[in-house]
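S.K.: Chains as they are written, first to last, in the numbering used here: chain A, 727 to 1188; chain B, 727 to 1188.
Please keep in mind that the hints were generated in silico from the structure rather than gathered at the bench. There may be inaccurate statements among the hints.
Copies of the same chain are indistinguishable here, so a pair counts whether it falls within one copy or spans any two.
[Said to hold, decoys possible] With a Cα cut of at most 20 Å, we get these calculated SDA-like pairs of lysine to any residue: (1) Lys1048 - Ser889; (2) Lys1077 - Glu936; (3) Lys1077 - Cys1088; (4) Lys1077 - Gly967; (5) Lys921 - Glu1138; (6) Lys1077 - Ser964; (7) Lys921 - Glu1003; (8) Lys1013 - Val1054; (9) Lys1093 - Tyr1042; (10) Lys921 - Ala997.
Number of protein chains: 2
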Amino acid sequence: MSEHLERVLERLDETTDAALARLFTFLKIPSISTDPEHHPECRRAAAWVADDLNDIGFDARVRPTDGQPMVVAHDHSQPGKPHVLFYGHYDVQPPEPLELWETPPFEPRLADEEGHGQVIIARGAADDKGQLMTFLEACRAWKSVTGNLPVNVSVLLEGEEESGSPSLAPFLDANKDELTADLALVCDTGQTDAKTPAITTRLRGLADMEVIITGPNRDLHSGMFGGPAVNPIRVLTSILGQLHNDEGRVEIPGFYDDVAEISAEQRAQWAALDFDEAAFLGDIGLKSSAGEAGRSLLELIWSRPTAEMNGIIGGYTGPGTKTVIPSVASAKLTFRLVPDQDPDKILSAFKQWIEERLPADCSVAFKSRGGSPAVGFDLDGTEMQAARAALAAEWGRAPVMMGCGGSIPIVEAFKTTLGMESLLIGFGLDDDRIHSPNEKYNLTSFTKGARSWARVLAELAA
Amino acid sequence: MSEHLERVLERLDETTDAALARLFTFLKIPSISTDPEHHPECRRAAAWVADDLNDIGFDARVRPTDGQPMVVAHDHSQPGKPHVLFYGHYDVQPPEPLELWETPPFEPRLADEEGHGQVIIARGAADDKGQLMTFLEACRAWKSVTGNLPVNVSVLLEGEEESGSPSLAPFLDANKDELTADLALVCDTGQTDAKTPAITTRLRGLADMEVIITGPNRDLHSGMFGGPAVNPIRVLTSILGQLHNDEGRVEIPGFYDDVAEISAEQRAQWAALDFDEAAFLGDIGLKSSAGEAGRSLLELIWSRPTAEMNGIIGGYTGPGTKTVIPSVASAKLTFRLVPDQDPDKILSAFKQWIEERLPADCSVAFKSRGGSPAVGFDLDGTEMQAARAALAAEWGRAPVMMGCGGSIPIVEAFKTTLGMESLLIGFGLDDDRIHSPNEKYNLTSFTKGARSWARVLAELAA
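Take the sequences, apply the hints, and build the full model.
M.R.: As structure tokens, this is what we get:
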């Protein structure tokens, strides 16, 4: 370890109280972006964090948008070194239901919590104020110890992440040159347990399709027409009932053609995690997996595609009965995709599969907003190797190369708008109660998070 | 033919103009039972027809109910002869959309219509004022010619048939002794063509079941849980998709156990009818039957049971997409039943069939209002034989023993409340446009209808 890094880490350890005081000040601002009454507080949070970035030594400014402002900061003092763009968000979820909070949501406090030691309790402690401050504290320590950052750093902090990010795409588009870096660092994800670092390296993609089946030209009386008349609900259930086989596999031809199996090493790492499948299922009222047979839950969620029926409707759905044969029945499906699956190809194959099963006298219409492919980062790329080494050094164990079952819109936006890959490192835990009452962030997540970023910046410079 | 009957028929032929004038007066009263603003008109129609019954020689009265009144009349002057209860209804459907009527709906007129000769055009012409007046004119002719009716006759005219008959069951219940006869005569059905008489001898029964499948204990995010988590829409489609086989047969064990094949004679009679399957299907936008393979449309509708999905709902059904795995999905089904099928047995078998297919971690709840069995009259009973002979004599050809795909609540009510069978004879045609603009009733339906009833009364007395 370089002498510089050693002093930076010492500095972080010596200034934890001051760092916590700053975080608490930040957490006291109820920057709830989804609530117009709290928009002044969002602007106050943006101003506060811009001031803090300027204190650190960045050139930081609050930048207006049509919604809540962005905070953008730059420190480009290392010519020839890589340039990273750090992303976080300063807005928070609404705290309701308030009566379930043990103490007021915007009065942060430290508490002892069994199994976690000291935890920071407040709305936004983990999502995302605590997380983003780990990076700022790392930068502060570097600047105060060496006068510089190891690499060129830009910071982009958003104030609408919890309300759909309406201003993000236009802002990225309008400031492409300024914001495009060699790599994005995103701190809004988590770890599989409190002792093991993690990098989220795979995100599933998504494609949607609505299937609308029409049979008779109008709703019919089931007494007068029942028997001869084709029923579109029967057709829809008959076709969709064939979408999965008994092993839970999707029956669309070619659906798995581009799906790569994860490496044996990756599978072994996931299998070694202390992931409690029974507890995961038990929490949602289930006992067994309904996914592809013979695969672990983590493997299913992180590395396997799905065809999911999100909604279905047809005929009479009010109270009591109505003896109708409806003219139309429809279903909404989404496909979770994994790396190398082409959304358009999957949607086309699905449409063809439906059409081939359509009986005489029925027609089908499709509606789709299209899809976005999955993200899979190269586990052996230079920057990934740097991050893996840095995290392993801090935590004393190799980071888990996690997957994420859903998509993370910011990663997609950086990729499509700025052509930039992302490195997703976060220190949150599944039991942080984000979006729920008594949200917490482990004190060790905060302190070791800052130390982790200090190390990652050093490794990226190497 | 008896001398009496001959004179009665002559009388009917000689008084057609007067009969039509009475019908037109009746048709001018807009007795729309579903519209509270027209309830005074309903009472006016009841009073008019009660007066007319008294004119004929019945002892007739308007009888109050909680809704629109009943008209009840009696003429019991033939001790030792059978006692029949004639049923019809004096209320009509709303005429809307008014702009599609060629002339105002309550200004009855005669018109020439290609293929039908003269037709009576007005709301209620066929359903049911024109039909019920055929019986009253037959009685009038008998009374005026012979001073008596051939059998003992009671008349029950309802004013809420088009609005769910809420007062009917309580009225039957409260007046059981007065209304129970040897046989009910119902004139609210039709013929297969304008030249062939018909008796409706089979009505399908009905049983309903709602199936509610629950998987996870709450709605889930399809990214976080998609793969392992069971999806109740998938379960529902997978099970209901197996309800019919490729031949269109219902797969519930025992479903067809009690279903008798119709007789060869019956099948031959139906096959000989001039029923245009292509036109029937074409009218509802279809080209082929989706029912049990190898059976004619009439056979399917009149003599075969069905399992029909009337409604299905689950998950997100609004605009766009929502990546949800819902906790619950449900479907509403009704079964059309044929004679000898037991509704409870069918519903039980269906429940068991669902339960046997339910995967781990799912639960199912059922809701049902129960069912009513099909009705099948004995084609060789004394009264049926009498009616067949009477109709054959009037029309010069044997009556078709028709089925009806739906149920007729009044027949069910007479059976269950009064323990009385019904004889369903009507002269309506499929193209009478009942419930639609420009409703019509062929003049020959009216005149030969009255003559038919005159003959039926004579045969029942024989």
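S.K.: Of the numbered hints stated earlier in the document, which are not met by this structure?
M.R.: 5
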